[in-house]
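2 protein chains.
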Amino acid sequence: MKAYLITIGDEILIGQIIDTNSAWMGQQLNLNGMQVAGITTAPDEEQGIRAALQEGLSKADAVLITGGLGPTKDDVTKKVLAGFTGGRLLFHEETYRSITRFFEQLGRKPTEAHRLQAYMPDNAQLLRNRMGTAPGMWFEHGGKVLVSMPGVPYEMKSLMKEEVLPRLKAQFPLRAIAHRTLLTSGTGESRIAERIADLEDTLPPHIKLAYLPNLGQVRLRLSGEGADLASLEQEVDSWAKRFRERLVDIVFGEGADRLQAAVGRLLQERGLFLATAESCTGGYVGHLITSVPGSSAYYTGGAVVYSNELKQKLLGVSPQTLSQHGAVSEEVVREMVAGTIEHIGGQVAIAISGIAGPGGGTPDKPVGTIWLAVGNRQVTEALLLRAGKDREKNIQYTGAHALHLLRQFLLRHYPQ
Amino acid sequence: MKAYLITIGDEILIGQIIDTNSAWMGQQLNLNGMQVAGITTAPDEEQGIRAALQEGLSKADAVLITGGLGPTKDDVTKKVLAGFTGGRLLFHEETYRSITRFFEQLGRKPTEAHRLQAYMPDNAQLLRNRMGTAPGMWFEHGGKVLVSMPGVPYEMKSLMKEEVLPRLKAQFPLRAIAHRTLLTSGTGESRIAERIADLEDTLPPHIKLAYLPNLGQVRLRLSGEGADLASLEQEVDSWAKRFRERLVDIVFGEGADRLQAAVGRLLQERGLFLATAESCTGGYVGHLITSVPGSSAYYTGGAVVYSNELKQKLLGVSPQTLSQHGAVSEEVVREMVAGTIEHIGGQVAIAISGIAGPGGGTPDKPVGTIWLAVGNRQVTEALLLRAGKDREKNIQYTGAHALHLLRQFLLRHYPQ
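From first to last, the protein sequence lines stand for chains B and S.
Reading the first sequence from the start, the letters are residues 5 to 420 in the working numbering.
Reading the second sequence from the start, the letters are residues 5 to 420 in the working numbering.
You may find that some hints are simply not true.
Chain copies aren't distinguished; within one or between two, either way the pair holds.
As the list claims (entries may be wrong) - The calculated lysine-lysine pairs, modelled on DSS-like cross-linking and capped at a C-alpha distance of 25 angstroms, are:
1) Lys83 to Lys63
2) Lys148 to Lys397
3) Lys212 to Lys161
4) Lys83 to Lys161
5) Lys83 to Lys317
6) Lys397 to Lys161
7) Lys173 to Lys245
8) Lys113 to Lys82
9) Lys245 to Lys148
10) Lys161 to Lys63
11) Lys63 to Lys369
12) Lys173 to Lys369
13) Lys82 to Lys212
14) Lys317 to Lys212
15) Lys165 to Lys113
16) Lys6 to Lys212
17) Lys397 to Lys369
18) Lys173 to Lys397
19) Lys317 to Lys82
Simulated from the structure, these hints should not be mistaken for laboratory data.
Because the structure is a prediction, the values reported are computed rather than measured.
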């Protein structure tokens with residue numbers, strides 16, 4: 005069974021918002037054994053939407069549409085869908101009641117624009133939207149299915165999980181498809197390819213390997229297709245195991261795992277608390293760590309010491325070290341680690357000081373010069389990163405490396 | 005002149021990475037008066053790529069392709085492009101030298117996979133890639149243009165700016181198109197629509213208004229099309245001015261501005277320094293603020309006080325207040341503001357304490373209960389947010405609201 009994804013919105017074509025819905029939908033469809041034949045973005049006007057619908061129906065069994073259902077005037081989707089499938093828009097009492105109820109719960113009254121939202125195609129099955137006011141719509145059309153959902157990500161996700169995926173699974177017989185993804189940090193794509201070249205060459209044709217690099221991490225995805233799901237999964241699993249054994253030093257997890265979660269598990273298993281001291285990353289590493297639910301079990305907190313005064317005041321970094329070596333130096337990040345354990349708490353600390361850019365560089369220490377340190381009361385290890393010129397990318401790259409460094413430190417100094 | 009964007013990669017179809025390139029390319033093309041007719045994602049295999057190329061050429065004058073040029077084995081793009089345009093792959097000495105040089109600079113040797121990267125279609129003009137090893141390719145095909153670029157965002161961006169956009173502008177005559185975007189915070193889409201309904205109804209047909217809501221902010225985009233660029237821009241500008249005047253209390257900026265930058269300008273103009281105290285947001289607000297270049301001119305730093313001990317130790321929050329009202333309370337965030345100004349520094353402070361979820365909720369204080377406070381030495385204002393159940397979204401939503409609250413505080417208490 006093949007699906008085709010259409011995102012409607014001029015705001016995507018002109019680049020004002022990024023289409024994150026398609027990625028999430030692609031993941032969910034794949035997990036459920038459905039293949040995505042294509043993804044396309046159509047403008048907010050009739051002709052473009054019709055062309056995308058034609059294209060989707062020529063390539064797939066189900067066309068899933070997001071966007072173009074909001075309460076404001078830039079939306080034409082519903083009219084086009086009704087016309088395309090031979091229906092017409094009628095005022096739908098139940099939808100209007102549900103809109104009214106939704107606003108009553110918020111202590112507000114619906115507007116006239118919300119009233120217009122209650123006009124629905126008379127040939128669509130309406131799908132209940134638990135997270136917002138616009139219901140989903142399910143059309144049967146020439147043996148195929150058209151589904152329309154709001155573009156707001158959490159509304160779309162709720163509709164997909166509760167309504168759309170169960171209906172698709174009931175309507176279409178599925179092919180067997182299996183994925184496994186190994187997550188690595190700290191080694192580049194080409195070096196990894198060299199280390200596994202011989203294994204890769206012996207992969208059977210129905211199992212493919214893809215390299216997905218991103219900011220200091222590379223994901224290795226094995227995808228298999230076959231007749232029988234159970235035996236296919238076993239086969240892909242056994243290949244994943246072989247690749248993982250080969251790359252045991254750099255694989256930190258699988259699937260949708262994240263390095264910050266992997267590091268969190270290491271800390272928690274060892275009964276350690278972490279504290280952070282960030283200068284140029286401004287809180288980003290704390291944010292990464294605390295984006296993991298339950299991180300309070302191993303994260304004390306930290307200091308964002310953006311100014312030199314604060315490095316002294318909160319962490320006790322010595323003014324001599326700062327003036328002699330500069331804030332971006334190995335000596336300062338080492339003192340920051342010691343000061344963090346002393347004044348903030350925790351058994352293990354990360355410290356970061358660098359020049360994120362675009363300003364602040366010198367010939368000696370150009371933009372992208374970043375010192376990292378990870379340590380405990382006994383030992384501190386420091387690392388000099390030479391990142392690029394882009395502030396945002398430097399911050400992200402530094403965050404990923406800080407977590408990588410922390411993981412290596414924990415594995416070396418706290419072996420299980 | 006119309007462009008069509010193709011992203012190549014199974015990893016996008018199965019949702020393992022999000023296509024951010026297309027959004028950036030759409031922005032740049034629009035800024036240069038070129039329209040994006042569609043965006044599509046094709047799988048890593050010949051048939052799918054060929055179909056996307058056909059589709060693109062039927063809809064646009066230039067087809068811009070990203071992805072499928074890396075050094076590993078999952079790439080077929082180059083072969084398909086050569087075949088499609090009637091060329092063949094030949095070893096390209098100069099490209100190989102540039103790859104070798106690139107690795108020499110890193111103190112490493114190219115691998116065999118990198119050598120394969122030096123095979124290039126003999127009918128393509130090669131575009132210099134300053135940020136990586138894979139050059140871009142420019143094909144002329146039946147009066148139209150096909151361009152292939154690597155998928156790594158900073159390589160693609162560099163190629164677009166330095167090579168592709170200048171060539172496209174030289175080759176195609178441009179239509180006049182003008183955009184203006186007003187950025188608002190703190191008010192929902194429907195309420196904004198009500199406040200500007202009469203203005204919106206008098207917009208001429210060649211100027212459109214779109215509402216782009218996202219996590220507590222709504223962008224209002226005016227797009228005009230016309231014959232003469234100068235008069236069109238003047239017309240769109242004058243409409244933007246009318247909408248901005250109507251919404252003066254909630255518009256914080258225009259275009260690609262960000263709330264954290266707008267707040268930064270207010271602080272800097274007033275000679276104020278900000279400090280932050282974050283519990284449930286774990287450093288995210290500090291990260292937002294320091295994502296703006298030059299933020300050290302108005303941001304001192306802050307404390308990530310994830311544990312209750314740290315709220316006492318770093319900020320002097322009283323143990324009585326914590327035990328009497330709980331860490332997530334108006335009383336605690338008020339003491340956090342006072343303690344931040346006292347112990348961290350700055351004239352203005354933000355404090356945040358809440359339950360980001362998914363765990364940690366109680367009947368009294370369910371997940372999504374978040375207290376915010378902004379204050380100076382004289383006055384502190386607190387706000388209770390009732391966010392949702394999703395941790396990541398709660399953190400982002402809280403960050404956006406904290407900045408909104410700070411902006412309102414600055415405008416009220418430090419009028420220019």
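> What hint numbers does the structure not satisfy?
Replying inline: Checked against the structure, the hints that fail are numbers 2, 3, 5, 7, 9, 11, 12, 14, 15, 18, 19, while the rest are satisfied.
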